[in-house]
Amino acid sequence: MMSKEDNELLTRTGPGTPMGGLVRRFWVPVLLSRELPEPDCAPKRVTVMGEDLLAFRDTEGRVGLVEPVCPHRGANLYYGRNEQCGLRCVFHGWKFDVSGQCVDMPTATAGSAYKQRIRIKAYPTREWGDCVWAYMGDEAEPPELPSMAFALVPPSHRYVSKKWQDCNWLQCLEGAVDTAHFSFLHMILGTEEMDEKQAIERLRHAALGAQAVRNDRFRWVRDDPAPAFSVDEMESGLVIGAARRADEEDLYWRITHYLLPNHALAPSAFPGENYHGQTFVPVSDTSCWIYTYTWNPERPLTEEEVAMARGGHTVHAEVDEHYVPLRNIRNDYLIDREEQKHRSFTGIRGVSEQDAAIQDSQGGIVDRTREHLGATDIGIVRLRKLLLQQVRDSIAGRAPRALAHPQAYATHSGGWVAHRSKPLSEVMVERFGDPQGNVGAAYGLDADAVQTQKET
Amino acid sequence: MMSKEDNELLTRTGPGTPMGGLVRRFWVPVLLSRELPEPDCAPKRVTVMGEDLLAFRDTEGRVGLVEPVCPHRGANLYYGRNEQCGLRCVFHGWKFDVSGQCVDMPTATAGSAYKQRIRIKAYPTREWGDCVWAYMGDEAEPPELPSMAFALVPPSHRYVSKKWQDCNWLQCLEGAVDTAHFSFLHMILGTEEMDEKQAIERLRHAALGAQAVRNDRFRWVRDDPAPAFSVDEMESGLVIGAARRADEEDLYWRITHYLLPNHALAPSAFPGENYHGQTFVPVSDTSCWIYTYTWNPERPLTEEEVAMARGGHTVHAEVDEHYVPLRNIRNDYLIDREEQKHRSFTGIRGVSEQDAAIQDSQGGIVDRTREHLGATDIGIVRLRKLLLQQVRDSIAGRAPRALAHPQAYATHSGGWVAHRSKPLSEVMVERFGDPQGNVGAAYGLDADAVQTQKET
Amino acid sequence: MMSKEDNELLTRTGPGTPMGGLVRRFWVPVLLSRELPEPDCAPKRVTVMGEDLLAFRDTEGRVGLVEPVCPHRGANLYYGRNEQCGLRCVFHGWKFDVSGQCVDMPTATAGSAYKQRIRIKAYPTREWGDCVWAYMGDEAEPPELPSMAFALVPPSHRYVSKKWQDCNWLQCLEGAVDTAHFSFLHMILGTEEMDEKQAIERLRHAALGAQAVRNDRFRWVRDDPAPAFSVDEMESGLVIGAARRADEEDLYWRITHYLLPNHALAPSAFPGENYHGQTFVPVSDTSCWIYTYTWNPERPLTEEEVAMARGGHTVHAEVDEHYVPLRNIRNDYLIDREEQKHRSFTGIRGVSEQDAAIQDSQGGIVDRTREHLGATDIGIVRLRKLLLQQVRDSIAGRAPRALAHPQAYATHSGGWVAHRSKPLSEVMVERFGDPQGNVGAAYGLDADAVQTQKET
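Protein chains in written order, with this note's numbering: chain A, 1 to 456; chain B, 1 to 456; chain C, 1 to 456.
Just chain A, same shape as in the assembly:
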């Protein structure tokens, strides 16, 4: 049972909040790079943790992320003209570069040095893994970017999307590390009456993947709704394993990573399959953007895989041109009650949409004081505990340990089958060659050389 105070502490990220302070110590994605497709293109409004900002790509391709209020008379720079390495206010022509510096002030006397004293708030940005990341913290020197695996592979090996969600970021994150819910939320009905080919077709677009039929994963997930959880701590977060009864003396493990403060990696991939992960970026306290990435460390994604992701299959959502899911809280996710009776547990199409439906349905901010948690919620409990401790450390002025270990973000998570006698750490070594799933070495990283990051 969580206290009201802790629930507030964990969920609110606006300026001045403790959790907002913690998240602002890390780099956070604020846009897909392709939302600013070319130099001097139209600026984009973004709201991050309650701050209304404006992003623009200048003539040199650099991305600025600024408070969009002209300090002259308060006009909004969104209507500004993006020209010659700066955004110019259309009211009286004051112009600002990506660092927020006023670089032209036509209303001032010729030769006046006044403009040099005028700045707008601007946050450092980096482009990394097809996203624009920003550092919104108070430290003069931002930390290193996290060496997340999806960002380390060549662009052809990954696909990154984003989607709008109508609830607090934390309940989305909790949903991502809670693998117990696969036995219901994403379950498909009626497969027992199908032949293997039909079942594969049915599962082709689902979270478990078409191979789930052939390799029995589907059956194991369906038949054991109470997986046993094991959680290991690491520099960058948590390894969360959930083991279900498989055949004979084996367990089917589904393992996720929680990466501080707002990332989670998905539990499905067997060797050779694509990896998936998500980053949860608060917009307000009751809405967030979810960045979703699919990658394969060994080969480019196929055209079909990219088309599937773009079309809103597997873990990606089907979105409109503003990245709002077509099936959302305003249309009850187009729930189909006949479908729910006969073909899928929710009647809602899409794994991403099923997640969104149930997470939004918990309310803008779920009331964690009324929960009744059990053994299958251990992953979530540990995630909250770690986050609370990090927030308290942050309040006390201690920098999160994870900031000093960007290479500890280079992890893989996924599935494995192992004898029931093996603990999580051994399963991790079997599956990933490392007790925490760290694959930095495979990506050519070592602790002293993580500077593959392209700076803008």
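Hints listed in this document are in silico derivations from the structure and should not be mistaken for laboratory results. Where a beta carbon is used, it is the ideal one built from N, C-alpha and C, also for glycine. Be aware that one or more of the hints could be misleading.
Claimed, not checked - Taking lysine-lysine and the PhoX-like style, the derived pairs with C-alpha atoms no more than 25 Å apart in a straight line are:
#, chain 1, residue 1, chain 2, residue 2
1, B, Lys385, B, Lys4
2, B, Lys121, B, Lys44
3, C, Lys44, C, Lys121
4, C, Lys4, C, Lys385
5, B, Lys197, B, Lys341
6, A, Lys341, B, Lys44
7, B, Lys121, A, Lys4
8, B, Lys341, C, Lys44
9, C, Lys341, C, Lys197
10, C, Lys121, B, Lys4
11, A, Lys197, A, Lys341
12, C, Lys341, A, Lys44
13, C, Lys4, A, Lys121
14, A, Lys4, A, Lys341
15, A, Lys44, A, Lys121
Claimed, not checked - Distance ranges between label pairs, derived from CB positions:
#, chain 1, residue 1, chain 2, residue 2, range
16, B, Phe270, A, Ile329, 48 to 54 Å
17, C, Arg330, A, Gly16, 28 to 34 Å
18, B, Ser3, C, Ala375, 56 to 62 Å
19, C, Ser425, A, Gly16, 41 to 47 Å
20, C, Gly111, B, Glu8, 33 to 39 Å
21, C, Gly111, B, Gln198, 31 to 37 Å
22, A, Ala110, C, Asn331, 34 to 40 Å
23, B, Leu189, C, Val324, 43 to 49 Å
Starting from the structure of chain A, add chains B and C where the hints point.
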């Protein structure tokens, strides 16, 4: 002149309010039975007096009315799967029956008794008069259902509809017992230039009924805008008579019933004509559902009568598939100013819509501290006085007397012409055979045998 | 730098506010006369400075402006029937004339004098310059109407429009007297590559007028973004001149008037050209109506000029049937970023829409505590200073001096070219024959004879 405090006391019905407490001592309709058309159909969201609830019909046809929050992780049960005598949360599969009891908990250890300690809030329901009624009070044992006449006749003898209204429930109820307004709000213009056949056609769809022309009621209502009110109290509420000058020494009486706490019967029916009534169920403090019933104790309604009611004629509104009137506050009731100049007093089509327009127009909650009441408002004044006294009794812990007299709800109200020397009680005996219009005996009721109620 | 308190003081006009008190001492336009096109037409809802009111034109053509709440039971008189010199509530038939007096009360005993004691709040109105003006102040006797030039010419010589704006009235007014912004906000690009004919065509619909090309005004405005301001005070407000470098030793003057409390005249007209002006009427604190007038003192407007104004060219906006601009804050003014790159500074079509975009973009109420004002903001600074002083006088019970000088509103403003040695007052005499631009004499006014005003 009402005090601000009394106005608040009378109008607010959310959890914890005194009036909310009073209304919750009675059964209230929360859905039309046909909104849950079959076993295991889709659940329906309902908000009653500020409480967000979920109604579902289980495999056995029973109706559950529950708080839709899964006690496990707070997911909303609206997205739940209605299966095998219970609603199952799609997040992790916890399942609840119509009584709110958790009947399955797949995440728990096999054999665990924990689920027996888990319940969600659920209110008792009954189906009665084509409606689902709920008892939302605190008493362990709900009272008997009110023996309202429309619910006592065979289903073929009645038609029940509902409509959304954008204002506080009480001003709708006041409109229903205020028969003075017929001289304006529902008035039709230009009949003097018509022959009888034309006038009948014009009035065919109006509140007074086609026969109003032939029997002069229309003329009497038009010509006397200041009826004299008489009010008698009875166990279940009030008999409210309004007498207008008719021809020679006669008075034309239009008599309504107010039935505690939120019902009103209409004043038009002469012997042999259909009866009408309404029940006002708060959604929020500034919106309500109005259940409207038309019935004939002697014969089935004709196909034409049912078609008229369905189409939004007589006292029923023309509504969309969500029971929202097509002519509503968001489109100014499609008021037609030319129509208002030449054919009807409001320019708004439909008696129900005319009522809605003027009641909504008073504001979300009408400010009763600024009123200027007169002799034609006596019915309303008495209704408020009775309600205030009941609320105060309720605060003091005294159960409303009406609860002990469910058979006192079996009443008819309507119209009559009588010599001006006769008081209301004599007129009631002439018209209905009982000074309070009680027709329980005609329906086979007596004080000891009112158990015709079908329980679900 | 303005204090938060002064910003509040200047911007808020609801009932009981100091600025609301000041503005209410003056006549304010509340409707276009053509919004009430004929006797007994449909009433119109209007909200003025936070007061929800109802305007109606009675059988005699008089305009009533009343609080729309029937004192009987609080029904809204909007649904009332406009008949025989009064608006009749459709609930129970109480009827009110344009003065707010109850003139019929059908529910009262015949012959009762009660109705004589019942009034609804009503404000005096006048029709003047194609607008309905209201006096919403506390004084028993309203002041004289301001002798604004647009209202003094014959109707054929003027065109008056109105448009909705989504921000506080004061930032619109400030935009109107801030002529420095013409060098950016309304600037047209690429004219250097055009021949004169093409450039004239391009400028034909713009604020500077087609002749701006031929007479070099366009070039002067573009090339000097830092005009020098001079401000003179007069009985009715301010003369605000902004001088840009013209050719050789000349200055190009653009001169506006600020007329207390909420009018501004435009700076473009050279002799013979049409004059323009605007009046800013708060609806709420974050929205207003802008009345815009174009007039020619010497001749009727041509059909083409009227068509241009109606179509939303020159200083008028392109609006829908509710006077809401087609290009507005809800659709980002249909900003076209390609247009912004190559043809106009904003990419927004229409001078009026460009103004609206930048003024709305400052926020509902611009935060004047964060501004960085300079020499080109002197006009705005003086306007604020005058307004603040008038508000403080008003709080102290002193009537604004302007009220005693209605003829001081008969002014012309516009443009002129003069040698750089001449001060504003001399430029005014050269251009308008009067140091303050007062043209009352030309309109046949003198201090003792300003009663050309048609009263309704």
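Item to check | Hint check for Gly16/A and Ser425/C - Cβ pair distance inside 41 to 47 Å | outcome: Check failed, 53 Å falls outside 41 to 47 Å.
Checklist entry - Given a hinted range of 56 to 62 Å, is it respected by the beta-carbon distance of Ser3/B and Ala375/C? => result Distance hint for Ser3/B, Ala375/C holds at roughly 60 Å.
Checklist entry - For the pair Gly111/C and Gln198/B, does the Cβ-Cβ distance stay inside 31 to 37 Å? => result holds (36 Å)
Next on the checklist: What's the verdict on Lys121/B and Lys44/B, does the C-alpha distance respect the 25 Å limit or exceed it?
Outcome noted: holds (16 Å)
Next on the checklist: Next pair to validate is Lys4/A with Lys341/A; report whether the Cα-Cα distance is within 25 Å.
Outcome noted: Violated, because 37 Å separates the two Cα atoms, which is more than 25 Å.
Next on the checklist: Please verify whether Lys341/B and Lys44/C have alpha carbons no more than 25 Å apart.
Outcome noted: Holds, at roughly 16 Å.
Next on the checklist: Lys121/B and Lys4/A were given as a pair; does the straight-line alpha-carbon distance stay at or below 25 Å?
Outcome noted: Roughly 21 Å separates the two Cα atoms, so the pair holds.
Checklist entry - Holds or violated: 34 to 40 Å for the Cβ distance of Ala110/A and Asn331/C? => result Holds - the Cβ-Cβ distance for Ala110/A and Asn331/C, about 39 Å, lies within 34 to 40 Å.
Next on the checklist: Looking only at beta-carbon atoms, does the pair Arg330/C, Gly16/A fall within the given range of 28 to 34 Å?
Outcome noted: Check passed, 31 Å falls within 28 to 34 Å.
Checklist entry - Under the criterion that the straight-line Cα-Cα distance not exceed 25 Å, is the pair Lys197/B, Lys341/B satisfied? => result Status holds; Cα separation ~22 Å.
Item to check | Pair hint Lys4/C and Lys385/C, alpha-carbon separation not exceeding 25 Å | outcome: Distance of about 15 Å is within 25 Å: holds.
Item to check | Satisfaction of hint between Lys121/A and Lys4/C, Cα-Cα up to 25 Å | outcome: Roughly 21 Å separates the two Cα atoms, so the pair holds.
Going down the numbered hints, you'll see the structure goes against 14, 19, 23, while the others check out.
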